[in-house]
Amino acid sequence: MASFGDPLDSITDPSDWAQTEYPNFSKLDSLLRCHICKDFLKAPVLTSCDHIFCSVCIRRSLDLKNKCPLCSEETFESNLRKVLLLDEISTWFLRNRPDLLDKHKPNSQPAPVVAPTAPVEPEKPKEPIRYESRKKRTADEALVECPVCSTFMSADELQTSHIDTCLSKKAKPAPTRPTISNFFKKERTPQTQPDFVKKKSKISNLDPTISTSKLKEKLNHWNLPTTGTRHQMNTRMKEFINMYNANLDSVNPVDDRVLTNRLLKWEGTYSLEATSKDDDQEGSQWRKKYKSEYEDLIKQAKANMKRITTNKDTE
Amino acid sequence: MSSTEKRLLKEYRAVQKELADADASIKSTGVVALQPSEESMFKWNAVIKGPDQTPFADTLWRLEIQVPTNYPLEPPGIKFVVLNDTKLRTSKVSGDSKICYKMPHPNINFKTGEICLDILQKKWSPAWTLQSALVAIVVLLANPEPLSPLNIDMANLLKCNDTTAYNQLVRYYTEKYSRYESLDV
Chain Z
1 MASFGDPLDS ITDPSDWAQT EYPNFSKLDS LLRCHICKDF LKAPVLTSCD HIFCSVCIRR
61 SLDLKNKCPL CSEETFESNL RKVLLLDEIS TWFLRNRPDL LDKHKPNSQP APVVAPTAPV
121 EPEKPKEPIR YESRKKRTAD EALVECPVCS TFMSADELQT SHIDTCLSKK AKPAPTRPTI
181 SNFFKKERTP QTQPDFVKKK SKISNLDPTI STSKLKEKLN HWNLPTTGTR HQMNTRMKEF
241 INMYNANLDS VNPVDDRVLT NRLLKWEGTY SLEATSKDDD QEGSQWRKKY KSEYEDLIKQ
301 AKANMKRITT NKDTE
Chain V
1 MSSTEKRLLK EYRAVQKELA DADASIKSTG VVALQPSEES MFKWNAVIKG PDQTPFADTL
61 WRLEIQVPTN YPLEPPGIKF VVLNDTKLRT SKVSGDSKIC YKMPHPNINF KTGEICLDIL
121 QKKWSPAWTL QSALVAIVVL LANPEPLSPL NIDMANLLKC NDTTAYNQLV RYYTEKYSRY
181 ESLDV
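Sequence order for the protein chains is Z and V.
Here the UniProt record's numbering is used: position 181 in the first sequence is 181, and no number is missing along the way.
Here the UniProt record's numbering is used: position 167 in the second sequence is 167, and no number is missing along the way.
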């Protein structure tokens, strides 16, 4: 059996509640999960058959076939509707989960299962690492976390100024000092997205017959790399469209540049290169293996052609 | 960590929890063991138990699972572990679980262990898990579908309604090609 040690500690499961004083929480825990990734819903969307998935999960799935994973009824991407309230609920639950687990732990025995302080590599800031900083801030719902440096600030500040400096790696610590303008800013009302999202519209699906130059144009337009084979570019563009559209379904959307960063990371883990190389190799091996047969076939075909033309001539 | 690996870890945790209460879980699902192999997170090994009230009852089978890189969008490749006679007899093992290395079933390839099951191909849905796919295989053992066979001989017996012969043949193979070994090899 493979030993997963640390990564496994960071994996949450509805059964985590079994050891607490309130095991019924496991029901809520499993209800708030996406049926595709089995993780807590992120930017949930409702299908035309009334089922809910993470936006990015169902978009990836519908890329392959237009069927609902739960009831296999025909479902189309254009029919997906975001459910902001559920996004807020799921985010709240995810944030407060470690705390809740902690509070409902039976006093007599320390539960060994929950290890929220598990060390996590810095490039994948998942739940455990956020937990420490979020715990202090749970009361302040209006604050959002910078996806790059993990500091907390208001959504507007993040969008207008912070993200630029953070992404251009100026290494300037974020000004957390409250300013007068911050003081007067009204908080976002529940179930609404920040204003900058409302101006954006979804990217339409990629036409599979798009020419390579058009595809490159499209990638350039979104500041994505145009390296690699056609297949790689295609996959990259498709995934970006999924990420971009899913981001617009989130109650706490991030900047496009953050998406680009995520996409490049995703490409690293997905090992696009490896799969496409295999394809090429298979092709060349195939060609080598059947080289003589191909040549024979070509000879035969040429001979046939000759015979037909000479026959015609004699007639 | 890719989303596929993350999802596999989640499944691993869920299965671990469930198999902790092994007896109840095996009784309800027929899945005896399910875990990733030592070399890769994308290769899993499993053991299932033949369903009660069928000729497959009281016998265990090993299965190999190959997880594609874009799982769960694509189905896992699952097949029975099949050993030939010499391999089965030469390697020395001991234990108390009766494991069979042949699978005589209309929808399972006798030589390769391949499984013909719609949910492992066209009807796969990303909402399924490795465990639920295994449960479906256990159900397939109890409910063969002789109209789309991979093993024509077994299918023909069922088409002719010769259940006695079918049951006897299954019993013959499960007795002849089984050996006792420990589960965690």
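It should be emphasised that the hints constitute simulated quantities derived from the structure, not laboratory data.
Mixed in with the good hints, there may be bad ones.
[Claimed, not checked] Distance condition first, Cα-Cα at most 25 Å in a straight line; then the derived BS3-like pairs of lysine-lysine: (1) Z:105 to V:87; (2) Z:265 to Z:291; (3) Z:67 to V:6; (4) Z:27 to V:10; (5) Z:238 to Z:299; (6) V:122 to Z:65; (7) Z:27 to V:17; (8) V:17 to Z:103; (9) V:87 to V:159; (10) V:87 to Z:65; (11) V:27 to Z:27; (12) Z:27 to Z:105; (13) V:122 to Z:238; (14) Z:238 to V:6; (15) Z:105 to V:17; (16) V:159 to V:43; (17) V:87 to Z:67; (18) V:98 to Z:103; (19) V:27 to Z:65; (20) V:176 to Z:265; (21) V:43 to Z:265.
Source: prediction; values computed, not measured.
Here is how each hint holds up against the structure:
no.	hint	in the structure
1	Z:105 to V:87	violated, 52 Å
2	Z:265 to Z:291	violated, 40 Å
3	Z:67 to V:6	holds, 24 Å
4	Z:27 to V:10	holds, 17 Å
5	Z:238 to Z:299	violated, 43 Å
6	V:122 to Z:65	holds, 10 Å
7	Z:27 to V:17	holds, 15 Å
8	V:17 to Z:103	holds, 22 Å
9	V:87 to V:159	violated, 33 Å
10	V:87 to Z:65	violated, 42 Å
11	V:27 to Z:27	holds, 23 Å
12	Z:27 to Z:105	holds, 17 Å
13	V:122 to Z:238	holds, 22 Å
14	Z:238 to V:6	holds, 21 Å
15	Z:105 to V:17	holds, 18 Å
16	V:159 to V:43	violated, 36 Å
17	V:87 to Z:67	violated, 44 Å
18	V:98 to Z:103	violated, 46 Å
19	V:27 to Z:65	violated, 35 Å
20	V:176 to Z:265	violated, 52 Å
21	V:43 to Z:265	holds, 24 Å
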